[in-house]
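Asks: Sequence:
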Amino acid sequence: MLALGLRPVGRASEFADQIHGLMAQTPLFSGLDIHETRKLGGFMYVYEAAPGVTIINEGEAGDFMMLLMQGMVDVLRRNRYNYPSRIAVAHSGHSLGEMSMFDGEPRFASCVTLENSRIAVLTRDSLMLVLGEEPKLGNKILLKLVQLLSERLRQTSAKLVSYLEAARDA
683 MLALGLRPVG RASEFADQIH GLMAQTPLFS GLDIHETRKL GGFMYVYEAA
733 PGVTIINEGE AGDFMMLLMQ GMVDVLRRNR YNYPSRIAVA HSGHSLGEMS
783 MFDGEPRFAS CVTLENSRIA VLTRDSLMLV LGEEPKLGNK ILLKLVQLLS
833 ERLRQTSAKL VSYLEAARDA
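Residue numbers for the sequence shown follow our numbering, beginning at 683 and rising by one.
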């Protein structure tokens, strides 16, 4: 379910040139040509949000991902004291929410806009339509997703090993 406070702007295909420029910076969509970007844009919608809008809520089920087209987003995770702690700041070109879109698990973190922002949204249902109607494009996106999640898992594993070694040496 999309957050309250998002204002619909239109289909992402209307913003294909801007999105295509950002996709080179976005591992999930890098390598798509302008024609593929337009095709994918036909399955996505664009929204705008003012500063302070929570666009993804930690712990909620998620069935969509976002491409941040404009603006900045605070990525927050609640710590052991249940206080939101910043784990990242996302800028234009970053994608958010891929994991929950695919596995249906609760959102790992919350995302709050820090300034006026514009996002392109791809839902799980829309991705299924892409796979059915544009299988070459859908498979290209799935392969990129596997690569992206693999890279993130490697980074997380390296951090975990580092923490475990530091704890052992302490």
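Among these hints, one or two may not hold up.
[Claimed, not checked] Now the in silico label distances, taken between C-beta atoms and shown as ranges: (1) L684 with S844: 10 to 20 Å; (2) G724 with L825: 19 to 29 Å; (3) K818 with F784: 38 to 48 Å; (4) P733 with S839: 31 to 41 Å; (5) L684 with D851: 21 to 31 Å; (6) N798 with R850: 44 to 54 Å; (7) E847 with L684: 36 to 46 Å; (8) G692 with S767: 27 to 37 Å.
[Stated by the list, open to error] Below, in silico cross-link-like pairs of lysine-lysine (DSSO-like), each with a Cα-Cα straight-line distance of 30 Å or less: (9) K721 with K841; (10) K841 with K826; (11) K818 with K721; (12) K826 with K721.
Simulated from the structure, these hints should not be mistaken for lab results. For glycine and all other residues, C-beta sits at the position ideal for the given N, C-alpha and C.
Asks: Indicate, hint by hint, whether the structure satisfies it.
Replies: Okay, the hints, checked on the actual structure:
1. L684 with S844: 10 to 20 Å: 37 Å, violated
2. G724 with L825: 19 to 29 Å: The hint (19 to 29 Å, Cβ to Cβ) holds, given that G724 and L825 are roughly 20 Å apart.
3. K818 with F784: 38 to 48 Å: Distance hint for K818, F784 is violated at roughly 19 Å.
4. P733 with S839: 31 to 41 Å: At roughly 35 Å between Cβ atoms, S839 and P733 fall inside 31 to 41 Å, so the hint holds.
5. L684 with D851: 21 to 31 Å: 46 Å, violated
6. N798 with R850: 44 to 54 Å: 47 Å, holds
7. E847 with L684: 36 to 46 Å: 42 Å, holds
8. G692 with S767: 27 to 37 Å: 35 Å, holds
9. K721 with K841: With Cα atoms ~38 Å apart, K721 and K841 exceed 30 Å; violated.
10. K841 with K826: 23 Å, holds
11. K818 with K721: 11 Å, holds
12. K826 with K721: Holds. K826 to K721 sits at ~17 Å (cutoff 30 Å).
The structure is inconsistent with the numbered hints 1, 3, 5 and 9, although it conforms to all the rest.
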